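Please model the complete structure; the sequences and the hints are all you need to start from.
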Amino acid sequence: MSSKFVMKGMIGFYVFLFFAYLFGPLLVMSITAFNTPNYPQAYPFEAFTFDWFVKLWNHRAMMEGLHNSIIIGVGVVAVSVPIGLAASIVMNQIYHRARGLYYLVTVSPVLTPGVIIGISTVIFWKDMMGLTDVTKGLFYKGIVLTILGQSSFIAAYCLLIIMARLQRFDRAQEEAALDLGASYPQVFWHILLPFLKPALISAAVIAFLSSFENYNTTTFAILADKTLVTVLAGEVRQGTTPALSALAVIIIGFTLVGAIIYEIMRRREERVAADRARAAREAERQDLGAGALAVQAA
Amino acid sequence: MSRFFIFLIPVVVIAVFWVMSRYEAKGRHDPTRKSFLERNGTVLGIVFIGLVAFWTLFLVALPYLYMVQESFHPKLPPLKRGGPDDFLTLEQYRSFFVEPSSGDWNTNHMSAFVFSILASVGVTALNFAICYPLAYYMAQAGTAQKVRLLMLGLIVPYWVNEILRAFSLRLLLASKGLINQAIMALGISDTPIDFLGTDTGLYVGLSYAYLLVMIFPLYNAIESLDKNQIEAARDLGAPWWRIHKEVVMPYAKPGIASGCTMVFMLSAGSLAAPLFLGGPNTLWFTAIVYDFFFQAFNWPRGAAYAFILLAACIFFVMAMLRLFKVSLGETIR
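Chains A and B, in that order, give the protein sequences. The first sequence maps to residues 571 to 868 in the working numbering. The second sequence maps to residues 738 to 1070 in the working numbering.
The hints are simulated quantities; they were obtained by calculation from the structure and are not laboratory data. Please read all numbers here as calculations on a predicted model, not as lab measurements.
List time: in silico DSS-like cross-link candidates among lysine-lysine, alpha-carbon distance up to 27 Å:
1) K883(B) x K578(A)
2) K706(A) x K812(B)
3) K990(B) x K964(B)
4) K696(A) x K711(A)
5) K696(A) x K817(B)
6) K1062(B) x K964(B)
7) K1062(B) x K990(B)
8) K812(B) x K696(A)
9) K812(B) x K711(A)
Facing chain B, from chain A, some residues (calculated, C-beta under 7 Å):
10) I581
11) L592
12) P652
13) I659
14) L681
15) T691
16) I821
Built from N, CA and C at the ideal position, the CB exists for glycine as well.
Laid out in structure tokens, this is it:
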């Protein structure tokens, strides 16, 4: 009994330490965002201030970077989700001897260091777009290259997410629709796509967030432009200001709100599912009752 | 331009597979089998194939191949490219071993390379040691409610980007940081300890950045293990460490391999932690590559170094997978 108690205490302590390691630095950084000294300082806490948030708002380069980051994020979602969807459908139907190579090519960007993806994107597209002056003027831009570079591995994330759901697709649904006279494109639009919708949404969310926070690939592919993260990296290299902590506080705030909304939605979904299951049991019992009555009547 | 011969490689590979599939279809006549275009409708089928072709060729295969061929060229100003000076050469790879300007052994870059690989191995081992107990607890002992809360707690810090997380560690570990304040207040040391200069900050930063990448594969692998197996081992009198060594770890091997591979690759290729948390004398290999692009403007040499890094990583990961008898397919899920 007592050894079990000690064991439990030790596990609890370990979990506590782990999360202290995970959250401690972020917590300390958040405190510095509200403290007045120029150097980010958590202790001693001199006076409470919102100045650093105002400074952040007035930071021109950072706001410009944020603008670009959002454009790139939307672009990456628009490119990688359709690619991920198409690639997962091809994965299911591909000639089986080619599947191994196809799998290797499609997941290799996940394992390749981001730095190398960025470098190869720039070297390749510089010559590709440099072929004619028109394409060079139109497309040889940091934003375009970043979308291309990031999509190469984010599309693989989308593929893995969508594949996971596609594998649970019941082919009988497709056959039923075909028997009832639907064409193949109709099956895709009215049956497969609605079935994949949750996976498509989570793929889009993951794609946007991965694009938004990416540094390794972006720092090469962005050329002379900037994103929020590259501006941030420049600032951290030059020195430290509590305005960066203020930005972190905002990001943590958004993430927490997102997490809470997600948790609430999960709970509601579970309650609905539980209600439905109870209703089904109820209906079944009534059916049985009706059946018994019918038997008696006969 | 001679550089475009790399376009032939994917064309040849695709042609070989196409011929093979034709050949097989002819040998095994199956009237119910439909072609890809028939199964998806002509328009949709073409769109699918087009998207996949664009991705695998123009975003994945060709850029890699192009980078590799660029690394076999000399550094030239734009106008001279494609001219008579633009020949194939091993000069860039040679420069990794022998510094071209002095003719001496390039110990600087070689030691940076070895250091990056060894430090990444160390960080991988450290993260495995930190994450395994928690993953095991979450997968086997925790209640569903608790596990979901822990999961959320794990994910929230992950969405704060790498740069800001490195920044937060720098605030903690700097000579004026909270940890040094505490050490001096407690009288453990009179002078601040230089965590960043001694690379402690770098190791902590790398470990901190990739904790989650380790914990999720471990959790997924251990979660599906039948509790009865552990019970049985315990009933037969196995001590706790033997249960882990002989029941849990062999079962979770694909997850362990997956987590370790990812953490190793990410650390070896990381740029943010070495730039912001490394000591002033620390040379990280990706930082050298970065400088070739942005300070020396020597793209071919940067490409050669990038390829050396990639080849070393792939070799290392393959060797580890072979050693632990896990296939690549099991690793990426």
